[in-house]
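Enquirer: Assemble chain B onto chain A, guided by the hints.
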Amino acid sequence: MMKQTLAQKLVARAAGRSTVAPGEIVTCKVDLAMMHDSGGPRRVKPMLERLGAKVWDPSKVVVITDHYLPAYDEESRNIIRIARDWVREAGIENFYDAQGICHVVLPERGHLRPGMFVVGGDSHSPTGGAFAAYMFGVGATEMLGVLVTGEIWLKVPHTLVMEFDGALQPGVSAKDVMLFLMGRFGLDGGQYQAVEYRGAAIRRLPMQERMTLCNMTAELGGQTGLIASDAITNAFLASEVETWDSDAGASVLAHHRFNASEIAPQVAAPHSPANAKPVEQFRDVKPTLAYIGACTGAKLEDLRMASQILGGRKSKMRLLVAPASARDQKTAADEGTLQVLLDAGAELLPNACGICAGYGDHVLPEDMVAISSTARNFKGRMGAASSQVYLASPYTVAATAVAGRVCDPREFLR
Amino acid sequence: MKAWVFGDNIDTDVIAPGRYMKFGIERITQHCLEAVNPDFSRQVTPGDIIVAGRNFGCGSSREQAPAALKHLGVAALVAESFAGLFYRNALNLGLPALACSGAKRIRHGDRLSIDYASNQVFDLTLDERLPFEPIPAHLMEMVRDGGLLPHLEKRLARKERAS
Numbered sequence: 065m066m067k068q069t070l071a072q073k074l075v076a077r078a079a080g081r082s083t084v085a086p087g088e089i090v091t092c093k094v095d096l097a098m099m100h101d102s103g104g105p106r107r108v109k110p111m112l113e114r115l116g117a118k119v120w121d122p123s124k125v126v127v128i129t130d131h132y133l134p135a136y137d138e139e140s141r142n143i144i145r146i147a148r149d150w151v152r153e154a155g156i157e158n159f160y161d162a163q164g165i166c167h168v169v170l171p172e173r174g175h176l177r178p179g180m181f182v183v184g185g186d187s188h189s190p191t192g193g194a195f196a197a198y199m200f201g202v203g204a205t206e207m208l209g210v211l212v213t214g215e216i217w218l219k220v221p222h223t224l225v226m227e228f229d230g231a232l233q234p235g236v237s238a239k240d241v242m243l244f245l246m247g248r249f250g251l252d253g254g255q256y257q258a259v260e261y262r263g264a265a266i267r268r269l270p271m272q273e274r275m276t277l278c279n280m281t282a283e284l285g286g287q288t289g290l291i292a293s294d295a296i297t298n299a300f301l302a303s304e305v306e307t308w309d310s311d312a313g314a315s316v317l318a319h320h321r322f323n324a325s326e327i328a329p330q331v332a333a334p335h336s337p338a339n340a341k342p343v344e345q346f347r348d349v350k351p352t353l354a355y356i357g358a359c360t361g362a363k364l365e366d367l368r369m370a371s372q373i374l375g376g377r378k379s380k381m382r383l384l385v386a387p388a389s390a391r392d393q394k395t396a397a398d399e400g401t402l403q404v405l406l407d408a409g410a411e412l413l414p415n416a417c418g419i420c421a422g423y424g425d426h427v428l429p430e431d432m433v434a435i436s437s438t439a440r441n442f443k444g445r446m447g448a449a450s451s452q453v454y455l456a457s458p459y460t461v462a463a464t465a466v467a468g469r470v471c472d473p474r475e476f477l478r
Numbered sequence: 328m329k330a331w332v333f334g335d336n337i338d339t340d341v342i343a344p345g346r347y348m349k350f351g352i353e354r355i356t357q358h359c360l361e362a363v364n365p366d367f368s369r370q371v372t373p374g375d376i377i378v379a380g381r382n383f384g385c386g387s388s389r390e391q392a393p394a395a396l397k398h399l400g401v402a403a404l405v406a407e408s409f410a411g412l413f414y415r416n417a418l419n420l421g422l423p424a425l426a427c428s429g430a431k432r433i434r435h436g437d438r439l440s441i442d443y444a445s446n447q448v449f450d451l452t453l454d455e456r457l458p459f460e461p462i463p464a465h466l467m468e469m470v471r472d473g474g475l476l477p478h479l480e481k482r483l484a485r486k487e488r489a490s
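Keeping their order, the protein sequence lines are chains A and B.
So for the first sequence, my numbering puts the first residue at 65; every next one is plus one.
So for the second sequence, my numbering puts the first residue at 328; every next one is plus one.
Quick caveat, the hints were computed from the structure, so don't treat them as lab data.
None of the hints are false.
Derived DSS-like pairs: lysine-lysine, alpha-carbon spacing no greater than 25 angstroms straight-line:
#1 A:Lys219 / B:Lys481
#2 A:Lys109 / B:Lys486
#3 A:Lys219 / A:Lys93
#4 A:Lys350 / A:Lys378
#5 A:Lys109 / B:Lys481
#6 B:Lys397 / B:Lys481
#7 B:Lys397 / B:Lys329
#8 A:Lys93 / B:Lys481
#9 A:Lys93 / B:Lys486
#10 A:Lys118 / B:Lys481
#11 B:Lys397 / B:Lys431
#12 B:Lys486 / A:Lys124
#13 A:Lys109 / A:Lys124
#14 B:Lys397 / A:Lys109
#15 A:Lys380 / A:Lys350
#16 A:Lys443 / B:Lys397
#17 B:Lys431 / A:Lys443
#18 A:Lys118 / B:Lys486
#19 A:Lys93 / A:Lys67
#20 A:Lys380 / A:Lys341
#21 A:Lys378 / A:Lys394
Computed footprint of chain B on chain A, listed as stretches where at least three residues anywhere in the stretch have a Cβ under 8 angstroms from a Cβ of chain B:
#22 105-118
#23 439-447
Beta carbons: idealized from backbone N, C-alpha and C, even for Gly.
Just chain B, with the same shape it has in the complex:
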């Protein structure tokens, strides 16, 4: 899938601008990342992967930032590092956030695939494998369920059956 490459310190005001926050996710999504790439929301296709440098998602806690990326069909986020709050938010929505020290080797438009078994990003264009830090097991289970909401749904259903 295609890589969309961004720089360091991409903040959540840029991912989900404040003046559209009163609207639903559909409208916010149209302006996702427009301050740094006006074409992004129109040209990204489901399955594409965001690649960034340090501290992706810094700033406001607004969950609409990872929600907008997910809504656009972004399959995963690969960055040198993530802002901690954004990292939690992304995983809570079932959007994998992968901390990869070699993220800067990936060029815009490279074809990527992600192997969660070996914890590697495969850059098919460069023919390189870039390891990422595994997502902790308790969180990976939640990501596989599709995020915290479906995960809780499952947990509550199990509890109900048990009682």
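Next comes chain A alone, as it looks inside the complex:
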């Protein structure tokens, strides 16, 4: 039988085929559809009504509120209300209200399994690929199509392999790996194909760090990011599941190989994640705000990284922390991580998308310079068009907060 990549195997299973070839157009059965309050109910409800159609299988739909929370005006209150009412009307039991950001809550509540084919109504949906599930983002109308038919078309992707040998240095994280790839391959380096992360350095990463890799595959321009399942996946899921991996020798579009130990902490200058370079080139930049937030940069593992730097130190600038989920925040509180951040001067924000998506009261004012653990620094995304956002890992954001200027976190870990 033809050797298949992980992406091909996942798509073939969903298409009811034994094998598929890159470039073919196939129709896939969707195992799970995830929506949030912004792109979800408020958009799909009127379209479902126009069609007089019902959700194909309410047990396969997950709705998570995370964008317009906490509701801060009439419009946002209305958007959240529509989500709450609609899940009742449509009979959707998998509803997580104000529990955190969808990409983090979805696996945290056990909805992702290796082998699944999943669509999400958000561009960072490739995050789910860390669980060896084929997960990708769609817009509201395409989501409507899934809700009505339970199916979606797909052009079978080629696979680009990013292999990392060795191990990351202390103070270097998955975020740095992605910024490094962004600097090298740009915003369309992924060519809307499947990007598969492999190698000894990847196998060492905990699940939430793997999620960061797959999450930022969106910025790299891939349709999804994938990592084969292994013992670490099983431990996270607390069950033994069948291993999903590429066949050795399966044909790929490109195979890039790097030594993980050579990757330095990275920073991406405004206004593109592709403006990434090693941190030492930004030593003269003096932000006035440090932000640790979002699905990309405020999961439990991210909070732990920041706490390693901030322990016993004080932030010299305003430091905002929005833990990515309520459960991660609870664990961080129980283990003491959260107190370390608070003692360093962090202000705690709600478990929501917040500033990263340009929502809420804390969006950046005119001319503000910020360093952020989030994924995107496009012009005007996080606030005023004149604001300047530098992207970095939670380690580097924390080190910068302590130093008062962009700083290499390895200086604090020696």
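Expert: Just chain B now, kept in the frame of chain A:
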């Protein structure tokens, strides 16, 4: 129709800024592309065509990005390449997205017409024909129906008649 030329990597935050996303499409449309061209939403006229470089529509999955362009009456998008998610969104709304390797030859303000039979953009100002990659047949049928919603409407009506 008039060409509005933009560069590489025009992202959906620029096409449909996040802070207006809580509003309806009317309000979002007023701020469409304002960070790169403040006059665009006031001066674009129905039938005009957006021309761009690589990776048009990268970033957020927000469908309001192609919806705003459609609402302004933009007839088609011509770019060297599109971000995949945006490409799907545009076609789902019935807005043709045409990948054209020669897009960068088109200058701002050129008169364009599009021939879907021969898969070519005709730049009348330059007197040049620039081929684009054909939209796959199953998607072109949906675009002709006006997008996925009217396409599904038709499909469901057919199913009802058959049963």
